[in-house]
Every structure is written in structure tokens, then in C-alpha cells.
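Visitor: These protein sequences, in sequence, are chains U and D.
So that you can map any letter, position 40 of the first sequence is 40 in the numbering used here, and since no number is skipped, the others follow by simple counting.
So that you can map any letter, position 399 of the second sequence is 905 in the numbering used here, and since no number is skipped, the others follow by simple counting.
No wet-lab data here; the hints were simulated from the structure.
Each hint can be trusted.
Facing chain U, from chain D, some residues (calculated, C-beta under 7 angstroms):
| no. | residue |
| --- | --- |
| 1 | GLY528 |
| 2 | LYS529 |
| 3 | GLY534 |
| 4 | PHE541 |
| 5 | ASN555 |
| 6 | ALA556 |
| 7 | LEU647 |
| 8 | PHE651 |
| 9 | PHE655 |
| 10 | SER847 |
| 11 | VAL858 |
| 12 | ALA862 |
The calculated label-pair distances, taken between Cβ atoms and stated as ranges, are:
| no. | chain 1 | residue 1 | chain 2 | residue 2 | range |
| --- | --- | --- | --- | --- | --- |
| 13 | U | VAL22 | D | GLN669 | 52 to 62 angstroms |
| 14 | U | LEU360 | D | GLY898 | 36 to 46 angstroms |
| 15 | D | ARG524 | U | LEU171 | 33 to 43 angstroms |
| 16 | U | LEU127 | D | LYS513 | 53 to 63 angstroms |
| 17 | D | ARG557 | U | GLY228 | 35 to 45 angstroms |
| 18 | D | LEU885 | U | GLN421 | 29 to 39 angstroms |
| 19 | D | ARG760 | U | LEU117 | 53 to 63 angstroms |
| 20 | D | ARG900 | U | PRO147 | 46 to 56 angstroms |
| 21 | U | PRO126 | D | PHE541 | 30 to 40 angstroms |
| 22 | D | GLY898 | U | ALA394 | 12 to 22 angstroms |
| 23 | U | MET64 | D | PHE569 | 52 to 62 angstroms |
| 24 | U | LEU360 | D | LYS513 | 53 to 63 angstroms |
| 25 | U | ALA394 | D | VAL734 | 48 to 58 angstroms |
| 26 | U | PRO130 | D | PHE569 | 48 to 58 angstroms |
Source: prediction; values computed, not measured.
C-beta atoms are modelled at their ideal positions from N, C-alpha and C, and glycine is treated no differently.
Each chain, letter by letter, is given below.
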Amino acid sequence: MSDVISSSFVRRDLLAERPAPVKTTGFIGLMRTRLFNSPTNILLTILGALLLWFTIVPSVKFLMVDAIWSGRDRSACLVENAGFAVGACWPYIQAKLPQLIYGFYPEAERWRVNLTLLLAAVLLLPLLVPRLPAKSLNAGLFFAAFPVVAFFLLHGGGIKGFGLSWTAGLLQLFDESILGAGQALLSLSKTSAIAPLLWVVGSLVVLLGTAIQWLIFPLTWLRDYIQGTGQPVWADFAITAAIVCLIAFVLGGGVRTGGRALASSIGTFIATAIVIKLMDLDHGGLSIVATNLWGGLLVTLVVSVTGIVTSLPIGIALALGRRSTIPLIRIFSIAFIEFWRGVPLITVLFFATYMLPLFLPGNFTVDGLVRALIGIALFTGAYQAENVRGGLAAIPRGQSEAAAALGLSWWKTTSLIVLPQALRHVIPNLVNSFISLFKDTSLVSIVALFDLLGSLRASFSDPKWSTPSTAFTGFAFAGIIYFMFCFGMSRYSLFVEHRLNAHRRN
Amino acid sequence: MSTEARKPPPQIALKIRRMLGGKAGWNGVAVQFAFAAILGWIGYEIVSNARANLENQHIAAGFGFLRNNAGFDVNQTLIPYTGSDTFLRVFVVGLLNTLVVSVVGIVFATVIGFIVALCRLSPNWLLSRVGEIYVEVIRNLPLLFQILFWYLAVLAALPNPRQSISLLGIAFLSNRGLVVPSPIGQSGLGPFLAMLALGVVASLALRFHARRALFQEGRMIRIWPYVVALLLGLPLATMLVFGLPFTFELPQLRGFNFAGGSRIIPEFVALTVALSTYTAAFIAEIVRAGILSVHKGQMEAGSSLGLSRGATLRLIVVPQAMRVIVPPLTNQYLNLTKNSSLAVAIGYPDLVSVFAGTSLSQTGQAIEIIAMTMGIYLLISLLTSAVMSVYGWRVSRSLGA
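Between the sequences and the hints, there should be enough to build the whole structure, so can you do that?
Guide: In C-alpha cells, the structure reads:
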């Protein structure tokens with residue numbers, strides 16, 4: 001033991017300080033490790049710096065340093081008047097700003113556009129912040145109530161009836177079409193080779209039509225009676241509200257559990273009544289602004305928001321149809337999705353503009369904007385269907401099996417268990433689709449709608465502002481707007497993705 | 507005594523029910539009937555309305571109009587075309603123009619996309635930032651915006667032909683388009699092309715032979731000197747014997763315009779630049795994701811086997827990355843082809859522009875023309891997805907083996 005102790009060594013003086021390790025953090029460290037650590041890297045850094053120098057410096061010079069900030073017409077932006085190489089001609093944007101945002105929307109009515117945009121912002125922002133409560137109410141307001149309100153705000157006009165009248169009218173149209181088809185078959189049976197068969201089918205169809213006519217007779221009678229009274233909208237509204245509340249109460253479980261459904265439907269109807277009263281819809285509403293006067297950013301936002309709101313239900317329905325085991329529905333969904341995904345959007349818009357009017361009854365004209373909206377909704381719906389399908393595939397089978405073990409029906413399994421999880425999974429993909437939809441709205445300018453890009457292009461031809469830098473200025477302005485929207489959405493999708501993958505991080 | 511396993515009951519009725527109605531059984535059959543009835547009703551409405559509307563507008567349905575004279579000119583044609591040709595020929599001309607702009611766009615988009623992806627993956631901080639800025643800016647601006655930007659702002663701001671920008675004295679860029687030298691075939695062209703084809707075929711055969719030797723007998727054969735000799739030496743030798751295969755006719759400024767050379771119309775230039783830079787941003791992201799998807803351990807395993815860095819990349823990393831890259835890359839190629847239909851906005855005579863645009867407004871045959879246009883695009887995309895599913899099947903088979 002003593003041997004060990006005697007050989008022990010205790011250091012009595014401190015070691016000299018070693019030099020600090022080479023700094024690898026901060027700007028200096030970055031330069032050392034990632035920019036100038038080898039001859040090749042130095043060369044690449046110089047190359048990158050040159051690239052930036054030749055793009056950033058001229059852009060800043062064009063947008064800020066050499067720009068003209070005030071003036072009355074093109075003469076301010078000409079080289080001979082300014083005395084130097086002129087950059088951006090901002091007075092041109094100032095002069096054209098109303099056109100770029102509202103199009104030809106009447107100046108006195110522009111508060112309606114502003115109000116709609118404000119409403120959209122107020123409803124959308126809380127929906128995007130995950131921490132805020134009442135998501136389902138918020139989503140319902142944004143996806144169901146807001147589009148209706150926005151339509152009456154932007155387009156104007158009022159209503160002549162309510163749910164009952166609309167249902168009656170729709171059923172009547174349907175019935176007339178069935179009767180028409182039956183009559184056509186009967187008249188065809190006089191000349192055709194398979195006359196007896198056609199006659200039988202035609203008589204059956206006519207019989208069906210007549211039966212439906214009798215069935216809906218009380219409804220149509222009630223509608224005509226209501227239209228005869230002094231207050232058709234309110235009478236119709238009261239009857240519709242009573243019927244819908246009753247149905248909700250019964251479906252919600254009657255006296256036992258139906259109170260909640262009853263309360264929520266009554267609340268919805270009261271809110272609807274307030275909106276009708278506020279906007280004076282029963283007396284013709286606001287003055288009508290035809291959609292050919294709309295333009296600029298307004299059309300861009302209307303088209304993209306409508307596309308977003310309508311494409312999601314279409315996409316969900318198609319995705320469920322594609323996963324269904326019922327042969328016809330699956331085949332139809334696959335064909336529908338693959339068709340719209342296989343053709344370019346511009347041909348879809350041509351289809352909606354030139355072909356769709358031919359498919360509708362001759363006395364039935366559809367507004368140009370609505371036609372484009374239908375085309376975009378179908379097109380985007382097919383893309384959303386593939387996104388939703390990805391989410392549905394990501395849900396383990398055990399979820400729906402557990403739901404089936406609890407005795408839930410297919411509808412309840414899908415709407416309460418599978419879809420909420422699936423949709424949450426694919427929020428980033430959905431947002432990415434919305435980005436491409438927002439970018440694709442610029443295509444409506446090809447079918448004679450003046451969205452932001454269309455208005456910009458139209459403003460180039462104004463001789464009052466034609467200077468060499470006008471086009472560049474206009475593109476810079478529109479580019480900044482598009483970039484802000486798209487970049488904002490893509491950052492949001494990254495944020496959601498990060499949040500959804502929180503459990504995978506360590 | 508052993509008991510034979512009992513055969514499962516045939517359950518024919520159950521199988522039929524499953525086949526007809528899926529999991530929902532007879533309910534499913536009922537749903538299908540209702541669905542078919544609705545589809546039939548919609549179809550009937552469409553047909554009857556279309557017939558009535560066409561009668562009101564005095565338009566004869568059918569494809570007979572394709573044999574009528576078109577009567578308008580197209581400013582870029584790959585096959586001979588005059589105004590007195592038929593609408594069918596207009597269709598072919600437009601389709602060829604679509605294909606040529608797509609192919610050129612795809613080539614440039616791939617090159618730019620790979621360069622940008624390499625920039626983004628580069629260890630150099632500044633260069634990867636430059637790549638990132640490019641991708642973010644390009645991806646967040648609409649394609650139509652970019653096409654119009656190149657066409658209305660950049661190309662329109664170029665000088666007129668007299669002051670055109672000379673690119674090394676052989677090509678000239680002006681607001682009338684790009685003028686490039688045009689090749690003119692000489693007597694040596696035939697033998698040259700034949701020898702080139704022979705060289706390509708021989709090189710492929712050599713590669714096949716070398717791979718077989720490597721995989722079956724473990725012999726490495728160095729083939730690149732022979733391939734170089736076949737691909738370069740053989741055509742050069744024929745050139746010495748038979749003379750030059752073609753000469754270039756250089757464009758020259760005469761008066762207010764260029765004589766000689768061939769002119770590429772500005773619409774083509776704008777469309778190609780916009781399409782290839784736009785798609786390149788997406789391709790860059792795909793390539794980057796593909797290369798990042800190969801685990802770091804693969805590179806380390808390769809170097810621990812004694813392979814050089816280049817060999818590891820070539821034999822281990824790239825083949826695995828390609829599996830991830832190829833399907834979305836094909837998708838982008840398809841997107842580029844579909845996006846080339848935006849040509850209608852600047853008047854490049856592609857399929858949509860000359861056929862669904864000009865021909866439609868001249869004849870009014872909306873249903874036939876739009877159906878044909880959509881059908882062509884649908885055919886292209888279905889063919890591509892068929893090829894891709896074969897590729898996917900092969901990849902999954904080689905992974906399973």
C-alpha cells in the first residue's frame with residue numbers, strides 16, 4: 001500500500017492556458033466555416049456575391065433610388081424631364097390603384113368591398129391561430145355564412161322568398177325535366193324500331209313525374225299562397241324556421257337530447273333574420289353591381305376564396321367516393337378526378353366559358369364570373385380530393401374498426417372519427433393547393449375577366465402613362481402583392497406542419 | 507386417423523353481393539341505381555339542352571368542320587402550312603408547337619433545376635441562400651405573371667433589330683425575337699448521321715456487354731475509351747472522308763431586319779424562358795429532397811468499402827436518390843406541358859391558342875374543339891402516368907428482389 005501512496009503525484013502548479021478554440025459561431029464563425037474555408041468555397045462565395053450584386057443592386061436602384069415618387073402623368077417619368085435614367089414610375093401606380101384593386105366597381109359603392117374584405121379578415125385570422133377557441137363556430141361562419149353575406153354585399157340585390165319557396169321551385173324544375181324526358185321518349189316511340197319498349201319506359205317516366213307533381217302539390221300551393229301575402233319573405237322565413245327547427249329537434253333525439261340541436265338551429269335562424277333585416281334583403285337589398293364591373297384584386301380574392309370554399313367539399317366527397325367499395329361510385333370518382341387532373345386549367349376555363357352555356361337550358365344564362373368559378377371549383381376539387389385521400393390513407397385502420405365496434409354507422413365513423421383526423425393531417429397540403437389556386441386565378445384574365453393581372457395588363461395600354469418603365473413598375477407592384485399572399489400562405493403551411501410534427505421532434 | 511381440412515363454403519351469394527354492392531351490400535346496389543339515375547338524368551339534360559341550343563345558333567354538330575379551310579395564318583409552323591389548309595392541319599400544327607415548346611422547356615428546366623439544387627445543397631452558405639431566394643421568389647409568383655413579365659416588360663424593352671444585342675456575333679436578340687444561325691445540310695450529312703447512329707448503337711451494345719461481364723463473371727472492362735472513339739472518332743473520320751455534314755448560315759443585318767439564319771419568334775422565347783425558370787424552381791426542390799432522402803450512412807458505408815467519393819456518389823447515392831426523384835420529376839414535366847397552354851395569353855401559336863382559340867371563334871364548334879383539345883392533353887397525361895406506373899412497378903420489384 002505504501003508503495004502506491006509514495007508513487008502518487010499531485011500537480012502543484014496550473015497548466016498554461018490553451019488558446020481559445022477557433023470560433024465557429026456568429027458571423028465570423030460563419031465566414032470561417034461556411035464561406036472561406038477552402039479555395040473552391042472562396043470562389044463559390046465570390047460567385048454568389050456577384051450574382052446577388054447583379055440582381056439586388058439594380059432592383060433596389062430601380063425600385064427606390066431612381067424611382068419617381070410624384071407626378072401627374074407620363075411626362076414626370078420621362079428621362080428628358082427627370083434628367084436621369086428613370087426607375088420605377090410610382091405615380092402611375094397611384095393613379096391606377098383603384099382600378100388595380102376594385103376594377104370598375106362604382107366609386108360610391110366601394111365601401112361594400114372594403115367591408116367584405118374587413119369581414120373576411122376578421123373571420124379568417126382567428127381561424128388561423130391554433131390557440132384561439134371556438135374553431136367550429138368560426139369555421140362555420142367563414143365557410144357557410146360569410147360567402148352568402150359577401151355575395152349580397154358585393155353583388156347586391158335581395159330575396160323574394162326563403163327556404164320553402166326555393167325548395168318548391170327546385171322540385172318543380174326537377175319534375176318538369178322528368179316530365180319533359182317522358183314526353184320526349186313517348187314522341188320518340190312513334191318512329192323508333194324499339195317502339196314498345198320506349199313507350200313503356202316513357203309512360204313510366206311520365207307516371208313518375210305526375211306522381212311527384214301530386215306529392216309536391218302542397219308545397220307549391222303553400223308557396224303560391226305565401227307569395228300572395230304582403231310579407232312573403234318573412235312568412236316563408238317563419239315557416240322554414242319552424243320546419244327546420246322541428247326536424248333538428250326530432251333528429252337530435254327528441255325531448256331527451258334534442259334541446260341542443262334545437263337551440264343551435266334557433267340561434268342560426270335568429271342570426272339569419274338579423275342579417276336579412278340589416279341588409280334589407282326583403283326590400284331588394286343593396287343596389288346591384290354587375291360582375292362585369294368587378295375587377296382587380298377584388299376578382300382575384302373572390303375567385304380564390306370561392307375556389308377554396310367550394311373545392312374542399314367537392315374534394316372530400318370525391319376522396320370518399322374513391323375509397324368507397326361501391327363499384328359505380330368508385331369508378332365515377334376515379335374517372336372524374338383523373339379527368340380534371342389530366343387537363344390544363346386554361347382548357348377548363350375555355351370549357352366553362354364556351355361549352356357550359358350550351359349544356360344549360362336556353363333561357364338560363366350564367367354570369368361570366370360564375371362560369372369561371374364553376375370551372376375552377378371542379379378543377380381544384382379534383383386536386384383537393386387527392387390531398388384528402390392522402391390523409392384518409394394515413395389514418396390507421398384500427399380507428400374505423402374501433403368505431404365500428406362501438407356501433408357507429410358509416411356516416412358517423414367518417415364524420416366523427418376518420419375525417420377530422422385525416423383533414424388535420426393534410427392541412428399543409430391543402431394550404432399548398434390553395435397557394436397554387438391563388439396563383440392560378442390569374443388565368444381568368446384569359447377568359448376576359450379583369451383580375452389583378454388582367455387589370456394591370458389593361459392599364460399598360462393607357463397612353464397617359466405609357467413610358468419605358470411603366471411595364472416594369474406595374475409588374476413590380478403586382479409581383480409584390482402576389483408574393484406577399486403566396487409567401488404568407490407558404491410560411492403558414494410550414495408553421496402548421498411544424499406544429500403537427502411536434503411529437504416527432506426531440 | 508387424420509381429418510381433411512374442410513373446404514370453406516363457396517358463399518356465392520355473398521360474393522355476388524360484395525361484387526355488386528361493395529361492403530354496403532344491397533344498400534350499395536340501391537345507391538348505385540340512384541346514382542346511375544341521377545347521372546342519366548344529368549346526361550339527358552345536357553344532351554337535350556345542347557341540341558336545342560345548337561339548333562338555335564344554326565351550328566351543325568360533328569367533326570365535318572375539320573375538312574374546311576382554316577383561312578388564317580400561323581406565325582410559327584414546323585410543317586408546311588398555308589391559310590388554305592384545313593382545320594385538321596391547324597390542329598396538328600398547334601400540337602407540334604405545343605410539343606416543341608414543351609421539349610425545349612423541359613431540357614432547360616432540368617438543367618437550371620439541377621444547378622439550383624446543387625446551389626442549395628452546396629456547403630457554401632451564400633450560394634445556398636442565393637438558391638433559396640431563387641426558389642422562393644419564382645415559386646410564389648404566378649406563372650402567367652412571369653410569362654407576361656418576360657413578354658411585355660423584358661422582351662418589349664429590348665432594342666429593335668438594328669441595335670440588337672449580339673451574342674458572340676452568331677445570335678442576335680432584339681424585340682423581334684432571337685435570330686440564330688441555321689444549319690444547311692451538305693453532301694456529307696447522310697454518311698455522318700449513319701455513322702453517328704452506328705456509334706450510338708455500338709456504344710450501347712458495348713455497355714450492355716460490359717455490365718454482363720461485371721455482374722456474371724466479375725470482370726471489369728474499361729469501355730470509355732472505345733465509347734469516345736465510337737461517338738467522336740467515327741463521325742470525325744466520316745467528316746474527313748465525305749466532307750462537312752452541314753454548314754451554318756450566319757444571320758446578317760440588311761436594312762431594318764436580318765437576312766439569313768432562322769428567327770425564333772419572341773413569344774417562343776418568352777414562353778420558354780418563363781416555363782423553364784418556373785419549373786426549374788420546382789425541380790430544384792424535388793432534386794434536393796431526393797438527394798437529402800438518401801441516408802448519410804450510405805455515403806459512409808460506401809467510403810468504408812473503399813470506394814472513392816465519386817464512385818460512391820455514382821454507384822450508391824444517385825441511384826437511390828433517382829428512385830425518389832423520378833416520379834415527381836415526371837409530374838413536373840407533365841405540368842410544364844400542360845402549362846405551355848398559357849401561350850394563349852401572349853399569342854404563341856400552340857394547340858390552345860390556334861385551335862381552341864382562333865379556330866373556335868371562327869367555326870363556333872365549341873363542343874368538338876374543346877373536347878379534342880382536352881382529349882389530347884388527357885392522352886398525354888394518361889400515357890405519362892402509365893409509363894410512370896410501369897417504372898414504379900420495376901423499382902418496387904428491384905427493391906423486393
